[in-house]
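From just these sequences and the hints, can you work out the full model?
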Amino acid sequence: MFKKFIEKDNVSSVAQLRNTDVKRLKQRLIQDYPYIESILDDILPKKDAPKLVKCQEHIEIIANSSGEALFFRHRDGPPIPVLRMLHKYPFILPPQQVDKGAIRFVLSGANIMCPGLTSSGAKMTPHSPKDSICVIMAEGKEHALAIGQLKMSSDDIQQINKGIGIETLHYMNDGLWNIKPVK
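Following our numbering, the numbering of the sequence shown begins with 1 at its first residue and continues without gaps.
Hint data in this document are derived by calculation from the structure and do not stem from the laboratory.
Just so it is clear, the structure is predicted and the values come from calculations on it, not from any experiment.
Not one of these hints is a red herring.
No farther apart than 25 Å at their CA atoms in a straight line, the calculated lysine-lysine pairs in the BS3-like style are these:
hint	residue 1	residue 2
1	K183	K26
2	K180	K8
3	K162	K151
4	K130	K162
5	K54	K180
6	K141	K3
7	K46	K23
Now the in silico label distances, taken between C-beta atoms and shown as ranges:
hint	residue 1	residue 2	range
8	G163	V14	37 to 47 Å
9	N161	P45	42 to 52 Å
10	G163	G140	18 to 28 Å
11	K162	A15	38 to 48 Å
12	P45	S119	34 to 44 Å
13	Q31	K141	23 to 33 Å
14	K88	E7	17 to 27 Å
Using N, Cα and C, we set each Cβ at its ideal position, and we do this for glycine too.
In structure tokens form, the structure reads like this:
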């Protein structure tokens, strides 16, 4: 999604979010990510004026008043936390761990194949439903490598063990990772 994202070419407009939109966003975040409720005031303080950055290809980025990206969404999908926020608050999303052999492919933006999630060194969160958002960790690493969306449930990934298990949405050193604070 952000592989060829270049800020100066892809950002089309920046606007401040209205108070009603901020309330709706907070309710949606609590509904989608129950563990975020305790830190929501740290992420989106009451006196802060978040910005909505509209980009090409129906991508929206929600940034705080200083311009740092907090969430992104595609079309009318759920707001997904950016990787930098998950490095601060890793408990927001359920983790899926890949083995050491998959690290270089994940860092180049490849989707995660089922064998990379079921081999020794990999760990899956049990009973994760299809189309849920997850954070991709790596064997022996402390921080998250990417954020993805499950294409099969975790039970199906272990049974079938073929094809794409997780579609990578955002990874380290992609266009969203390298975006500068928006003005």
